[in-house]
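Trainee: Here's the letter readout for the chains.
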Amino acid sequence: MKQEIFRARALPWWLCAPQLLVLFLFFYLPIILAFFWAFHLEQPFGGGSQFVGFANFRRVLGSGEFWSSARATLAYMVLASGSSVGTALVLALAADRRLRLSGIARNIFLWPKAVASASIGVIFVFLLNPYLGIPAPLNEIWPGLWNPRTNPLHAYAMLFVANVWSAIPFSFIILLAGLQAIPEELHKAGAIDGAGPWRRLRDIQLPLLTPQLFVVVVLEVADSLSGSFGLIDTMTRGGPGGATNLLVYKIYSDGFKAYDLSGAATQTVILMALVAVVTGAQYLFLERRVRYDR
Amino acid sequence: MIENSRSIDRWATAILLCGLVFVLTPMAFVIVTATQSYEEFLRRNFSLIPGGHFAENLREVWTRTDLPRQTLNSIIVGAIAATGRIALAVTTSYAVVFFTGRGRGLVYALVVASIMLPLELMIITAYQVTANVALPLNALANAGGLWSALAGRPLDLQWNLLDSYAGIAIPLMAQGSCTLILVQFFRTIPPQLARAAIIDGAGPLRFLWDILLPLSKGPLTALGIYMFISAWIQYMWPLVAASSPARTMAVVGLARLQEEGERIPDFPLQMTGAILVTLPPLILIAVFQRRIVRGLTLSEK
Numbered sequence: 014m015k016q017e018i019f020r021a022r023a024l025p026w027w028l029c030a031p032q033l034l035v036l037f038l039f040f041y042l043p044i045i046l047a048f049f050w051a052f053h054l055e056q057p058f059g060g061g062s063q064f065v066g067f068a069n070f071r072r073v074l075g076s077g078e079f080w081s082s083a084r085a086t087l088a089y090m091v092l093a094s095g096s097s098v099g100t101a102l103v104l105a106l107a108a109d110r111r112l113r114l115s116g117i118a119r120n121i122f123l124w125p126k127a128v129a130s131a132s133i134g135v136i137f138v139f140l141l142n143p144y145l146g147i148p149a150p151l152n153e154i155w156p157g158l159w160n161p162r163t164n165p166l167h168a169y170a171m172l173f174v175a176n177v178w179s180a181i182p183f184s185f186i187i188l189l190a191g192l193q194a195i196p197e198e199l200h201k202a203g204a205i206d207g208a209g210p211w212r213r214l215r216d217i218q219l220p221l222l223t224p225q226l227f228v229v230v231v232l233e234v235a236d237s238l239s240g241s242f243g244l245i246d247t248m249t250r251g252g253p254g255g256a257t258n259l260l261v262y263k264i265y266s267d268g269f270k271a272y273d274l275s276g277a278a279t280q281t282v283i284l285m286a287l288v289a290v291v292t293g294a295q296y297l298f299l300e301r302r303v304r305y306d307r
Numbered sequence: 003m004i005e006n007s008r009s010i011d012r013w014a015t016a017i018l019l020c021g022l023v024f025v026l027t028p029m030a031f032v033i034v035t036a037t038q039s040y041e042e043f044l045r046r047n048f049s050l051i052p053g054g055h056f057a058e059n060l061r062e063v064w065t066r067t068d069l070p071r072q073t074l075n076s077i078i079v080g081a082i083a084a085t086g087r088i089a090l091a092v093t094t095s096y097a098v099v100f101f102t103g104r105g106r107g108l109v110y111a112l113v114v115a116s117i118m119l120p121l122e123l124m125i126i127t128a129y130q131v132t133a134n135v136a137l138p139l140n141a142l143a144n145a146g147g148l149w150s151a152l153a154g155r156p157l158d159l160q161w162n163l164l165d166s167y168a169g170i171a172i173p174l175m176a177q178g179s180c181t182l183i184l185v186q187f188f189r190t191i192p193p194q195l196a197r198a199a200i201i202d203g204a205g206p207l208r209f210l211w212d213i214l215l216p217l218s219k220g221p222l223t224a225l226g227i228y229m230f231i232s233a234w235i236q237y238m239w240p241l242v243a244a245s246s247p248a249r250t251m252a253v254v255g256l257a258r259l260q261e262e263g264e265r266i267p268d269f270p271l272q273m274t275g276a277i278l279v280t281l282p283p284l285i286l287i288a289v290f291q292r293r294i295v296r297g298l299t300l301s302e303k
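Protein chains in written order, with the numbering used here: chain A, 14 to 307; chain B, 3 to 303.
Quick caveat, the hints were computed from the structure, so don't treat them as lab data. Remember, it's a predicted structure, so these values are computed and weren't measured experimentally. A couple of the hints might just be wrong.
[Stated by the list, open to error] A few chain B positions that, by computed beta-carbon distances, are all more than 10 angstroms from chain A:
| no. | residue |
| --- | --- |
| 1 | His-55 |
| 2 | Thr-73 |
| 3 | Val-135 |
| 4 | Gln-236 |
[Claimed, not checked] Chain B side only, calculated, beta carbon under 7 angstroms to chain A, not exhaustive:
| no. | residue |
| --- | --- |
| 5 | Phe-100 |
| 6 | Thr-127 |
| 7 | Met-175 |
| 8 | Pro-247 |
| 9 | Leu-256 |
| 10 | Ala-257 |
Yeah, the Cβ is synthetic: ideal placement off N, Cα and C, and Gly gets one too.
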């Protein structure tokens, strides 16, 4: 913060006002409202609201359906962001070596960004269809080998593959840019000191990449959740048997299909707390390992 | 690279090839399936032999489904959301980077915090707010029965933005990533530039309009394209915010093609729709790849 050039009292506030207004209305107000409804019950026939204390939380936390959904959400967050960042990291490391393929790869690896999560769902549901898609011939030989409509594990495998496919571009861009910003001299110095490529990867590239890795992991956790709705809604609809009914999807169905505003708001508060805790934990445990100076 | 490490380069090439196959295979299958007719598809099941029916499928998508109009909706919402996000981000970043005064850090923190919680997480209450944007005004006026005491009954303003272009696009702007990137960029601009402008008698707004904006043209277009694509690929918010077919966006329309209820879905038609819905942002990405990457990472390499 060294620039600070103009001195004016009112003008900067006018400049910020539009952004702050939009953020207040569609970011902070929804959060406040979620907390409001988590502690209130909507009266029937539009009769306003009634304060009920922690009754909504007791109801939500007392249902087994919520707990299985919360567990699935947490597992999905960790596995989905882990698998997509891991894949993007390997691809970025490979593309960082100046190969003939790197140029094309850099362009094509961004293409999935153009495909909406719901479109990916529509496409993968067809490609992985047990009777009509790629696994069809195998399924004819070994019936029941692959069926995401009845087997929860297969359903999750389908979601993860689609999620990795869609999450490659962003992580890839950021990680590759981080790798390319590492000065060539460090590689040379390492090589002169006798460090082989693997050693340099572990002791030079990865430590210097930690700022980018940190950003990518934090954003991917939030992204895996928001993207999961489009995938689930088009691929599994929460099934089979509620196995992929992640909180994002459950809140949507509770709120918009079952009209349970208070229940949905209570779960929204819990989900936001979950994301906040996971992000906070990343700051505590990961940021310490981040080296910003090179 | 430094030493002669052929074997590593071979591994790297193999990894890149695997990645390319992984990314391109689904696209190839989509294109092949889109060229088959429904009958062909049923007879042969899944096959890699292209048919000659792409034009027919395209005509059917164009005439029998709502996708053409929905594509137009996506263009409109994408344009509004992208321009809006850029405009909001430019003014905020300008105020944060170039002005002295209290509260800058707080504003920046408030904006950047919004990156952590996507709109999808608070969909229910965001929907409530959009259904009546006057909600906070009502709440403020009615606090402590103030308005009832003055006017005899509680204030009850209604301003429903659901099912309008603004109602779909504006909540998509409530996200601070654009500001984060622009603040980083503005910080790389030498302060001497602004000092020189002051000496020449230019005020802050004049400097913004005549010097800073022309200077930032490159990053701003890249960001604009990226934000347009980000709005285009939204699914959950457009799904709940637009209830009438006249405001449905293309991606939502594509997902609804799935539900038409035949026993074996018309996959060739769906895949043709998927091509139609994906092609505009895909072309933008393929053409502007370098600019987008530069805009997002602010690196010249």
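Trainee: Hint by hint, note whether the structure agrees.
Mentor: Evaluated hints:
1. Here His-55/B stays apart from chain A, with its beta-carbon at least about 17 angstroms from theirs, past the 10 angstroms limit.
2. For Thr-73/B, the requirement that its beta carbon stay farther than 10 angstroms from each beta carbon of chain A is met, with the minimum near 13 angstroms.
3. In this structure Val-135/B is not separated from chain A by more than 10 angstroms, as the shortest Cβ-Cβ distance comes to only about 6 angstroms.
4. Distance to chain A contradicts Gln-236/B as a non-interface residue, since its nearest Cβ pair spans about 7 angstroms, not more than 10 angstroms.
5. For the restraint placing Phe-100/B at the interface with chain A, the shortest Cβ-Cβ distance is roughly 5 angstroms, inside the 7 angstroms limit, so the hint holds.
6. At about 4 angstroms, the closest approach between the beta carbon of Thr-127/B and any beta carbon in chain A falls short of 7 angstroms, and the interface hint on this residue holds.
7. Because the closest C-beta pair between Met-175/B and chain A is about 5 angstroms apart, less than 7 angstroms, the hint holds.
8. A cut of 7 angstroms between beta carbons decides the hint on Pro-247/B: the least distance to chain A is about 17 angstroms, and the hint is violated.
9. With a cut of 7 angstroms, the hint placing Leu-256/B at the interface with chain A holds, because the nearest CB-to-CB distance is about 6 angstroms.
10. The interface hint given for Ala-257/B holds, since its Cβ lies 5 angstroms from the closest Cβ of chain A, which is under the 7 angstroms cut-off.
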